[in-house]
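Start from the sequences, fold in the hints, and give me the full structure.
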Amino acid sequence: MQPATDWGQAWTIVGGGLMAVFIIMTLLAASTHLMGKLFQGVERRKKERAKAAKAAEAEEASA
Amino acid sequence: MNWFSYHQGVLKILNVQVGFGNLDLPHLIMILVGLGFITLAIKKEWEPYELLPIGAGMILANLPLTGLITQPAPGMAPGMAGVLGIILKYGLYTWTILPQFIFFGIGALTDFSPLIANPRAFLLGAAAQVGIYTSFLGALAIGLWVPEWGFSLKEACSIGIIGGADGPTTIYTSGLLAPDIMGITAVAAYSYMAMVAIIQPPIIKLLTTKHERQIYMKPMLRNVSRAERILFPVMAMLLIILIIPKSAPLVGFLLLGNLFRESGVVERLSQTAQNELINIITILLMLGIGASMPADRVMDPRTLLVLFLGLAAFCVGTASGVIFGKIMSKFSKEPFNPMLGAAGVSAVPMSARIVHHMGQQANKRNFLLMHAMGPNVAGVIGSAVAGGYFLGLFINF
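Protein sequences appear in the order of chains A and B. In terms of the numbering used here, the first sequence is residues 1 to 63. In terms of the numbering used here, the second sequence is residues 1001 to 1397.
None of these hints come from the bench; they were simulated from the model. We treat Cβ as the ideally placed atom computed from N, Cα and C, and that holds for glycine. Please note: incorrect hints may appear among the correct ones.
To be verified - Label-pair distances were calculated between CB atoms; the ranges are: (1) A:A50 - B:I1243: 39 to 49 Å; (2) A:K37 - B:P1245: 21 to 31 Å; (3) B:M1195 - A:A55: 52 to 62 Å; (4) A:D6 - B:N1396: 11 to 21 Å.
Stated by the list, open to error - List time: in silico SDA-like cross-link candidates among lysine to any residue, alpha-carbon distance up to 20 Å: (5) B:K1089 - B:I1283; (6) B:K1154 - A:T5; (7) B:K1326 - A:F22.
Right under this line is the structure:
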């Protein structure tokens, strides 16, 4: 037979556990979202630069 | 020596040295259960990589007089410890290294791209962990009605974690918090993972309307660059472990394995982690789990309660994921199918497949697999975080 359960501690564990999981997963979602935005921005700028360089080359060739 | 004393002598030898003379009903029942697992693995292909060695381990552990599960102890004569006892002691109870290496292999096998492409899936992975805490409370509540069947806080944590539907996390957490029920919690976790196709669809159907199941989502997620795939495990590892350090043995190894995979520069190591290492560790771990269930530990009414509470945890986890999916669907700018929440339990990839299949049944144009893989792999991280949180409460490494 187990000793009587400390329900105060049990509810603290539940509250703390749910809070920990949701906080960590929210932080992960936010940081992954920001990381994605950052890398997508870098990719977009890279493409734009390459496009501009191509356009400049074409202009030079036509001139 | 007369005939009678000779006969008595033979009987004595038979009783002491022959297995048949020492086979009692509880052990026989456990051997039959082991045979049942092997049959399910072979005939139904239910988690065969787990249930087959677990069944074999159970049979070996319950055969009398083998000494296979005798654990090494100080002062023991050389050769007295059994091989299964050595696996149990060093792999699961004392050093607890086997589940971590399984996580390492899983990390090397997992592609986090669907999660990186759709970070909202993290929230579904969190919502599906609610089942863990519900069953934790349920396990404690049993003591109110039948005090002799009550569970301690540590045992309740080990039972609750079954709801994460993650075998290695369950084994690791139970092995450290409640070794006596580790075997049965592991069997429950793997059995319910194998029964995802039976357990989840009725819950999803009960909680969603036909219209919600039909919601169409564009099949393609954005391309995830290599740099993002490399940075993600490092970032996630630092963030999680700095908040819950006790999750390091699971989360750290999972994300380390993933870093090996995504780095692209340690191909041989990554391949080893994905194949040979995880296969060897699976054999040792699952035999150990089977061996942790001798009849005297399992033949207890509380075993049925563990199985029931584990199932409840899995069902509540699925339900809470779907309910959270419905909330997200209400607030999402783009169409969002709430069934994706059910994939937040970390039964990878079965839950994602079920959601995909149900999505196609409701709307033939739907292709939800990649969308569902996001919450599915988020669930692996979520359950490891929940396990780490429980360990942090009771264990000082």
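Status of the hints after comparison with the structure:
no.: 1; hint: A:A50 - B:I1243: 39 to 49 Å; result: holds, 40 Å
no.: 2; hint: A:K37 - B:P1245: 21 to 31 Å; result: holds, 29 Å
no.: 3; hint: B:M1195 - A:A55: 52 to 62 Å; result: holds, 59 Å
no.: 4; hint: A:D6 - B:N1396: 11 to 21 Å; result: holds, 20 Å
no.: 5; hint: B:K1089 - B:I1283; result: holds, 16 Å
no.: 6; hint: B:K1154 - A:T5; result: holds, 11 Å
no.: 7; hint: B:K1326 - A:F22; result: holds, 17 Å
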